[in-house]
Every structure is written in C-alpha cells, then in structure tokens.
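**Q** Residue numbers (this note's numbering), protein chains in the order written: chain V, 123 to 379; chain X, 123 to 379; chain A, 260 to 545; chain P, 260 to 545.
It is worth saying that the hints were derived from the structure and are not from the lab. There may be inaccurate statements among the hints.
[Stated by the list, open to error] Think about it this way: if two alpha-carbon atoms lie no more than 20 angstroms apart in a straight line, the pair counts; the simulated PhoX-like pairs of lysine-lysine are:
(1) X/Lys-243 with P/Lys-450
(2) X/Lys-243 with P/Lys-392
(3) P/Lys-327 with X/Lys-278
[As the list claims (entries may be wrong)] Partial pick of chain P residues on the chain A-facing surface, computed with a CB cut under 8 angstroms:
(4) Phe-404
(5) Leu-434
(6) Glu-436
(7) Gly-437
(8) Leu-439
(9) Gly-464
(10) Ser-467
(11) Pro-468
(12) Gln-538
Idealized CB from N, CA, C, for every residue including glycine.
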Amino acid sequence: MTMDYTPTEMMTIAAARALRNDDVCFVGIGMPSAAANLARLTHAPDIVLIYESGTLGTKPSVLPLSIGDGELCETALTTVSVPEMFRYWLQGGRITVGFLGGAQIDRFANLNTTVIGPYDKPKVRLPGGGGAPEIAVSCGEIFIIMTQSKRSFVPKLDFVTSLGHGEGSNHRARLNVNSRGPTKLVTDLAIFEPDPDSKEMTVVSMHPGVTRAALQDNTGWPLRYAATVAETPPPTARELEVLRALQARTARAHAAA
Amino acid sequence: MTMDYTPTEMMTIAAARALRNDDVCFVGIGMPSAAANLARLTHAPDIVLIYESGTLGTKPSVLPLSIGDGELCETALTTVSVPEMFRYWLQGGRITVGFLGGAQIDRFANLNTTVIGPYDKPKVRLPGGGGAPEIAVSCGEIFIIMTQSKRSFVPKLDFVTSLGHGEGSNHRARLNVNSRGPTKLVTDLAIFEPDPDSKEMTVVSMHPGVTRAALQDNTGWPLRYAATVAETPPPTARELEVLRALQARTARAHAAA
Amino acid sequence: MSRFLSLAEAVEWTVRDGDTVAMEGFTHLIPFAAGHEVIRQRRKRLTLVRMTPDLLYDQLVGMGCAEKLVFSWAGNPGVGLLHRVRDATENGWPAPLAIEEHSHAAMANAYEAGAAGLPCAIFRGYIGVDLPKVNPNIRQITCPFTGETLTAVPAIRPDAAIVHAQKADRAGNVLLEGILGVQKEAVLAAKRSLVTVEEIVENFGPRSPNAAILPAWTVGAIAHVPGGAYPSYALGYYRRDNAYYKAWDAIARERETFLAWMKANVLERGPEAFAVHSQRARQAAE
Amino acid sequence: MSRFLSLAEAVEWTVRDGDTVAMEGFTHLIPFAAGHEVIRQRRKRLTLVRMTPDLLYDQLVGMGCAEKLVFSWAGNPGVGLLHRVRDATENGWPAPLAIEEHSHAAMANAYEAGAAGLPCAIFRGYIGVDLPKVNPNIRQITCPFTGETLTAVPAIRPDAAIVHAQKADRAGNVLLEGILGVQKEAVLAAKRSLVTVEEIVENFGPRSPNAAILPAWTVGAIAHVPGGAYPSYALGYYRRDNAYYKAWDAIARERETFLAWMKANVLERGPEAFAVHSQRARQAAE
Chain V
123 MTMDYTPTEM MTIAAARALR NDDVCFVGIG MPSAAANLAR LTHAPDIVLI YESGTLGTKP
183 SVLPLSIGDG ELCETALTTV SVPEMFRYWL QGGRITVGFL GGAQIDRFAN LNTTVIGPYD
243 KPKVRLPGGG GAPEIAVSCG EIFIIMTQSK RSFVPKLDFV TSLGHGEGSN HRARLNVNSR
303 GPTKLVTDLA IFEPDPDSKE MTVVSMHPGV TRAALQDNTG WPLRYAATVA ETPPPTAREL
363 EVLRALQART ARAHAAA
Chain X
123 MTMDYTPTEM MTIAAARALR NDDVCFVGIG MPSAAANLAR LTHAPDIVLI YESGTLGTKP
183 SVLPLSIGDG ELCETALTTV SVPEMFRYWL QGGRITVGFL GGAQIDRFAN LNTTVIGPYD
243 KPKVRLPGGG GAPEIAVSCG EIFIIMTQSK RSFVPKLDFV TSLGHGEGSN HRARLNVNSR
303 GPTKLVTDLA IFEPDPDSKE MTVVSMHPGV TRAALQDNTG WPLRYAATVA ETPPPTAREL
363 EVLRALQART ARAHAAA
Chain A
260 MSRFLSLAEA VEWTVRDGDT VAMEGFTHLI PFAAGHEVIR QRRKRLTLVR MTPDLLYDQL
320 VGMGCAEKLV FSWAGNPGVG LLHRVRDATE NGWPAPLAIE EHSHAAMANA YEAGAAGLPC
380 AIFRGYIGVD LPKVNPNIRQ ITCPFTGETL TAVPAIRPDA AIVHAQKADR AGNVLLEGIL
440 GVQKEAVLAA KRSLVTVEEI VENFGPRSPN AAILPAWTVG AIAHVPGGAY PSYALGYYRR
500 DNAYYKAWDA IARERETFLA WMKANVLERG PEAFAVHSQR ARQAAE
Chain P
260 MSRFLSLAEA VEWTVRDGDT VAMEGFTHLI PFAAGHEVIR QRRKRLTLVR MTPDLLYDQL
320 VGMGCAEKLV FSWAGNPGVG LLHRVRDATE NGWPAPLAIE EHSHAAMANA YEAGAAGLPC
380 AIFRGYIGVD LPKVNPNIRQ ITCPFTGETL TAVPAIRPDA AIVHAQKADR AGNVLLEGIL
440 GVQKEAVLAA KRSLVTVEEI VENFGPRSPN AAILPAWTVG AIAHVPGGAY PSYALGYYRR
500 DNAYYKAWDA IARERETFLA WMKANVLERG PEAFAVHSQR ARQAAE
C-alpha cells in the first residue's frame, strides 16, 4: 500500500529511522525534535532524549515549541542546570547522537546558523550557534536534518558555526576531535553519508520519485553518489500515522495554550 | 554571680561571642562547631552556618560527630554537592567567617594540620588539610580556636597547611589574597588579634585568672601584648547553661545512635 | 540579605544606566514583568547578557535601553528572528547595538565561573569554527598535565541579575524548580540581584533536601509579581502562552506596530497586569 | 546501561587488581558493604581515591588491598587517626602505601572536571601553603584575560567508582538524596561504576523535578544491599552508628585485634549481614 506523504514527512521519517533504541540523543528544536520523538514512539521506545534546557530522558507527548517547554521537564527523568548539561552531559561524552539542522551546509557537512553574508554586515542575521559548536564535537556522531535547496546547500559557508568534517579527510582528527562527526544527512530528497576517505557527504539513498537531476538542481556543489544508491523505503502507514498524530496533538496543545 | 567553668568552656564561649548575627560561617567539626552553634543558640539566632559537606543554613539541635551527620542535612535550608560547595559558596566569596583549628599554629596564625615532623618521615601523621587551605583564603576573615600549649603554639610549623598572615605584614596582599585572614585567635587562656602592622597575633584579652607567666609558659614564642589588654568577661549563666545543654543533648544523641 | 520591595523600587535599586544586566531564563521563568519595569524606568546604555535573548530583549532593545547584547542564541523560539534586535544592529534604530556572540557551552561555563568567583572558564569548545575569529573574548589555554589546548572565556560577572522564581519564604530565601537554566549562577555571579516570585510563603515546607534554593543572604531584592514570567511559564503555576510568541512576530516587524504595542502593554501598564495570567491558570485548573 | 547483579558479581565486574578506585561518600552513604566485598575478593594494588578516607579505607589498607591512597582528609571523624593507614605508610604493613595528598577544594574540583570530561580543573587554591612542594600534581595556570595565576590539578578519572544510594528503579536509574558529596561526579568520571542501593522500586514516583538522579545509561552495575552504608548512614533509612566509629579506634590500633575483627565481621560474612542495620532502623521508626 502506498500513501500520500509530503517530502517533509519523508525527511522526518527517514531521520527517525536512523536512530537506534539504545541511543542517547541530544535534540534540537524543530525537525530534529519531530524525528527523535517519532523514533521514540515507533521503533526506539527506550531512546534517551536530552534537550539542552537540562531535561534528561524526557518523553513529551507533544512536540515542544521551545527548547524549554514545560512538557519537557514534566516528562523527564530529571532536569539539571544548564551549566551541568553542557559540562557533565555534553562535554562529558555521554551523548551518542547529536541532532542538528542549519541554514547552510557545505559538502563536508559543516553548518552555518549564524549569518548570511559578511559577519559585520549581514544580509540575514540568523539566531546563532546555540549549543551547536560543542554538540558537533562532543557527541559520538551527528545526524543532520535539513530541507535541500541551492540556497542552503552551498559550495562555501558564509560562516562556519559548527564543525562537520572540516576540509574533509582526517581534518577532525587533526583538530584533536575524536568523535565521528556527521555520519548522516537526511533531506527532503535524499540521505547522505560521508565518503569513508574524503568525508564528502555522498548520496546513499534517494527518496521515492526523486531524480538525480532534481537532486543536483537543489545542491550548490557537484554531487557525489555512492557506488550503490538505494531508494529510501517510503513511509509506512504506521510511521505516517504516528507522526501525524504527534503533530496533530502538538497543534492542538499549542493552540490551546 | 560567678560560676565554675572549665577553660574549654571559656574558650568556646569567647569564640562564640566573636560571631555576629549577620555572619555566614563556614564551620569545622569539633570546637568550631560547638562555638558556632552556641552563638546561634544565644546572641546570633540568624547566623548562617555552613558545613563543607554541603549543608547551607543548617540548625542542628545536637553537635555533629562528623562533618556530614544526618542532623546537618535534615535541619538545613538546602544541601548542595561538594563541588558546588567549594566552587560557588566558598571560592565564590560568600562566607564572611571561616572557623579553623589546628595541631600547630605559629605567631602569624599559619596552621598545620598535616604532619608533625618531616612530611616524608612523620612523627605524627595528622588527618590533613581538608577544606582548610582554601577556607583560609576565600572567607572574609578567619577565627581560630585552639587549646594553647608549647607543643601547639610553635615558633616554626613543621608544615604549612593553611595560610594565616604568612611571614607577617602585607604577605597576604603580596600573594594576591584580598581576604583578611585570621582576625581572632581564641584559646583556653586568651584572645589574640593580629597587630595592625606586623600582623603578629597579639594578646588583646586574657581569660579570668590567667597570668602573663602562664600564658608565656604555654606559648613557643615570645608573646606580644596589645597596649591595653582586657580581661575576658567570664561566661554568663545563660551562656554556660546553653552550652552545657547542647553538649548534654549531643552526648545523649551520640550514645543512643 | 534580601529585601522585599515593590517591583518599581526593586528595579530602581538593581539596575542603573550603563549596567551589565543579565535577565536570565531558559524558556522557563523569564522575568518579563521586571524587564518591562526596566523599560518603564527608561534605563539606558545597558549591556544585556543572556544565553537565549527572545521577546523580552527584543522589547528592551526596541525601546532603546541597550547598547550591547551578549548572547549565544537570539531568536523567537520556534517562530523566527528578533526584528527589533535586527533593526538595532543593522540600522541603529532606535540606538546602535553592538553584539558579542558565544556558544551556549561558553556562556553556561562563563556563568558557572562567575558564580564560582573565577576570572575565566575553561572548556572544550569552538573547535574548527569561525566565532573565535570575530570574538576576541575566546582564547586558548593549555592543560599543564596533558598539553591539550582548551578554550577559555571570561567569567560573566554582571552588575545586575534579574530572574523569576516560583517562591520566596518570609525569610527571603528563594526556591526554583523545573528548568533551572543559569538563573542560580546569574544571581550568584552578579553584584546586585532581583528575584520576582509567583508567591511568598511562610516557609517552603516539605521539599527535596537538595532543592534549588537561593538563600536570603545571596539575593538582593525580592518583588512579589504573580504571573511575572508571562508569556513564558512558571512550572506549577501557568503554561507558556505560545500564541503570544507567535503574535510577536507581526507586532515587532514594524517600528510603528511595535511602539504602539509597547505603549499600550508596557508603558501604560504596571506589574499588576501580570497577575491575571497566574489567576487564569489557577481557574483553569479548578 | 546498568545491570542488576549480586554484590559479589558486581564487585567482580567493577574492580580489578591494580585499578584506581573511588569509593565515595562524604560521611553519608559510604559504600561499606561493597568495600567489604572488595576485601573478600582479595583485590590487590589498588589506588584508592577518596576525599575523606575513614574506616572503610582503613580496613581496605589494613587488609593489603591498596598500594596508594589519594585523599584530602584521612581520619576517623571526631575520633582520631586511622591506625591501619598509619601502619601501612610508616611501617609498610601489610604492604607499603604511597600517598598523594590534596585539599578538599582540589579533589572536589578534580572530580567535577572528571565528570565534565576535562583533563584538569582550575581553581583558586593552595596559596601560601606547603602541599604544592610535596605534590607534583599541583601546578599553575594563568588566566588569559586577567593574568591571575590559578591552580590546576588533574581531573580524577577512576577506573572504577563505587557509591551507595537510596533507591534504584526497575529501569536501573539511581536516586540520591541528602548529602551528595562527590558521588555523582565519581560515577560520571569513572570508566566502570557500581551503585549499591537500599531498595529497588518500581518507579521513583512523585519527586522534585530536579532530583539528583543517575540515569541508567550512566551506571554500570547495581546491587541491592539494604543497610550497605552501615555504619555510615542513609538519609531516610537509618542513622550513623557513632558507637561503631568510636569502637573502631581500639580495634584498629593493633594488628591482631584488627585481623580478628576483619575475619569475624568481613571475611566470614556476606552482604546480607548489612540488612539488619536497615531493619533495625525500620523497627525503631515503627
């Protein structure tokens, strides 16, 4: 059975599938939060979700609008102070997966959430790095979820907010960073993984109906493909049902508040 | 009315009197604890007592045998972790008075609680510094309470565990220490304060019945006296009553446990 | 030792022109009522420090209270950017606004160091990124045991810290619960502090032996402002008004709508206007 | 992810010959039962780390389990010195014991740095004193902003940490209450950890939103040992047995009385012997 679904739903579901039941996941607001909670509500019921507001092991029934919604604290195992969160939990190396998004990404999965244009004279001033610069180096690995377009998938970032694979190859190791960095990039069109040698983000799976031409049209650099490129399995009925129920609950809760 | 009292009672009561109602006092076990709680139970009901085990604003009804007795936590405003105690509360400069004792003291009120004899080949190995090295520099001022004898009041310490006035004069300032250091030394015989210039601990008050000859006999260096030396007012009936009741409660509680 | 004051008196005592001020709150317990009083008192040339400046700092900046913003994430969470902050940084309206930008880890560590009385914080951060190129307050330090290069940032020691909390007791102790953010650190790191509270109780009663409490002798002023964190929330009292946050985007987009809104909702009102948000939640719960 | 094991299995998994082991507890929640199991398993050449080594470490040292002691205050609180530690350091009986001595502030900061994944801690300490002359692990570092000289010590990262706590839930999370010491830091800083608990509950139920909890995924082994902190205490369960501490002074003074006591009370007994102390307190409360 095939069902209708949006590219954003495909992206969220593909990202959710990448999470494992024994992961400890540092979650950002927005799409990462939707994907992480979808994973928890489907195949990864024991996944530990952590938000930088200090909530450890939180199990929200609706998606938070902000990183510190009451729902996150009320359903958490416990809540620690923000200095403790960044010292003991993030820097302490206790997180297996950090989930990031961004306004710009380059082919080595470095991210920009700071500024479009020059730093001193920005065309668009973005919110800034928040937790990302340290999430990017302290988590075991990084999953990135981003809507793909030429504007966001750029040959060169205007500003490096958080480190991906740097200039590629062993650049992280040369910076004395031992964590794996971005191991998965999930977009509304495809799934990327780093090439084992160059560390360039490489297409490993394309979502149903997406063509190589369309992919390239939405990417600011010449794309590389893995030797074998899979087709992403479409969302299952159950995945869509759980995701849509989650989003409907969320919409109701936010409207009521 | 005069009452019988022991030199230790006089010492404890004289030390208690030095504490003010608005002090925030970092309390060590033993005589400092007795003096601090006596102050709280008499003229300084609002004094804030802090023990290094993390208890803030504790109001024990009996004296603790250890620095972390349950009584301290159960009667505290709250209890913080030990790293937080030493970082936010002691180093943070939030304590007005630190209360120390020691096995040896010199004329500049440097203290030794580490070792008698050489460090590598001790005659007596003492428990060590504990919190004292940082209490001595981070508190607004330091009160010291010690039984006086030639063995403990020595010309030269075997080991400097915590800083008093160093080599005297402006030595603390030369070490970039801005707190006042030992401002009062209370013994079973007398009360000492630092000379304003040399910072040598100087007799300012002698307990009733104590002679200068007896004082010097119990001191390992030639004593200096302030221009005017007072006689310490003897314990009042109320002071003795409260102190003895506290110690009786304490003895009963520790025997029962 | 903390003193109970009216909000106007408390803000007057706590915040002075030219101060470095931290009004903290990590989504939770944001001191909106106190911030509005700062606006009404027309404070000027403030350096505003906060990890997550959102609507409240947009309002302060738009009303011309600030000359500098120190932050690690500036936005309307889940909604968008801060139009007033942008107008100030890009167009100097109503006054130029300098920025000093950090990461969350840097600011959290810097508050921690401030509370701990240290001049700087060390952490493992800013590796392979551009912020150190534009922020001279990000430096390096070498571990004397391993030789590892670590990052150092100056401690945050504000002139004034303002936070909101659930409860004060009669003795002036303050209890916080839930998402604690860096509020305790901000108060301990600051020279002067103001805590607005939902309620004042005789005593806190039964509680965790490790409750997050600011003792009276660490707090400057306390003002009783029920609902004072609205439109953010106070765990146990009222929920976040997400609609307010969403509506803000349109209000703040243009100078005129912004000024009209501020006049009607801040300049011509007082802290008592916040009480209704606390009461509504209470009624809803009944 | 934490596993529920018998105490013998848990100690076997956690502690190996030659390990650096931190059995923490600041007067409260000292893991006596687990330490006795380490003695029964005849572990050797341990480096024992603890801020306040007291009777338990006296017992471990006297039974020849240790080759080094890292500490900041070693004694029988309110009673006197540790005779077995002294016999080992001064006479090498039953084995020589090296010492590395710190201040409380240094060790508390070093545990904190260990939990935070840093190689060292910085603080303002050891000013004008002699310990830096005898401990090469006390070094200096300069603040890159103010030029102030600060003190650095290496982070404590033990091979194994052992602590006692009030409760675990079925999922393997651990709740601590009361005097927390550096227990949470010790577990987070260690490669392997063991927590003995007074009771295992279905879930923790209503609690402070900021309760001190070690999540299951940060804990190695959990063993259910009621009374396992005796003769220290567990807040909410039983009180400290001050008489035991006082009696220890005479027991430990001579090698013969010490060995006889250890044989009768440790070697020939098991963790179930601790349960009576928890039960007595329960009866007394009824």
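**Q** Look at each hint and say if it fits the structure.
**A** Hint by hint, here is what the structure shows:
{"no.": "1", "hint": "X/Lys-243 with P/Lys-450", "in the structure": "35 angstroms, violated"}
{"no.": "2", "hint": "X/Lys-243 with P/Lys-392", "in the structure": "15 angstroms, holds"}
{"no.": "3", "hint": "P/Lys-327 with X/Lys-278", "in the structure": "30 angstroms, violated"}
{"no.": "4", "hint": "Phe-404", "in the structure": "5 angstroms, holds"}
{"no.": "5", "hint": "Leu-434", "in the structure": "10 angstroms, violated"}
{"no.": "6", "hint": "Glu-436", "in the structure": "6 angstroms, holds"}
{"no.": "7", "hint": "Gly-437", "in the structure": "5 angstroms, holds"}
{"no.": "8", "hint": "Leu-439", "in the structure": "6 angstroms, holds"}
{"no.": "9", "hint": "Gly-464", "in the structure": "13 angstroms, violated"}
{"no.": "10", "hint": "Ser-467", "in the structure": "4 angstroms, holds"}
{"no.": "11", "hint": "Pro-468", "in the structure": "5 angstroms, holds"}
{"no.": "12", "hint": "Gln-538", "in the structure": "23 angstroms, violated"}
Hints 1, 3, 5, 9 and 12 from the earlier list are contradicted by this structure; the remaining hints agree with it.
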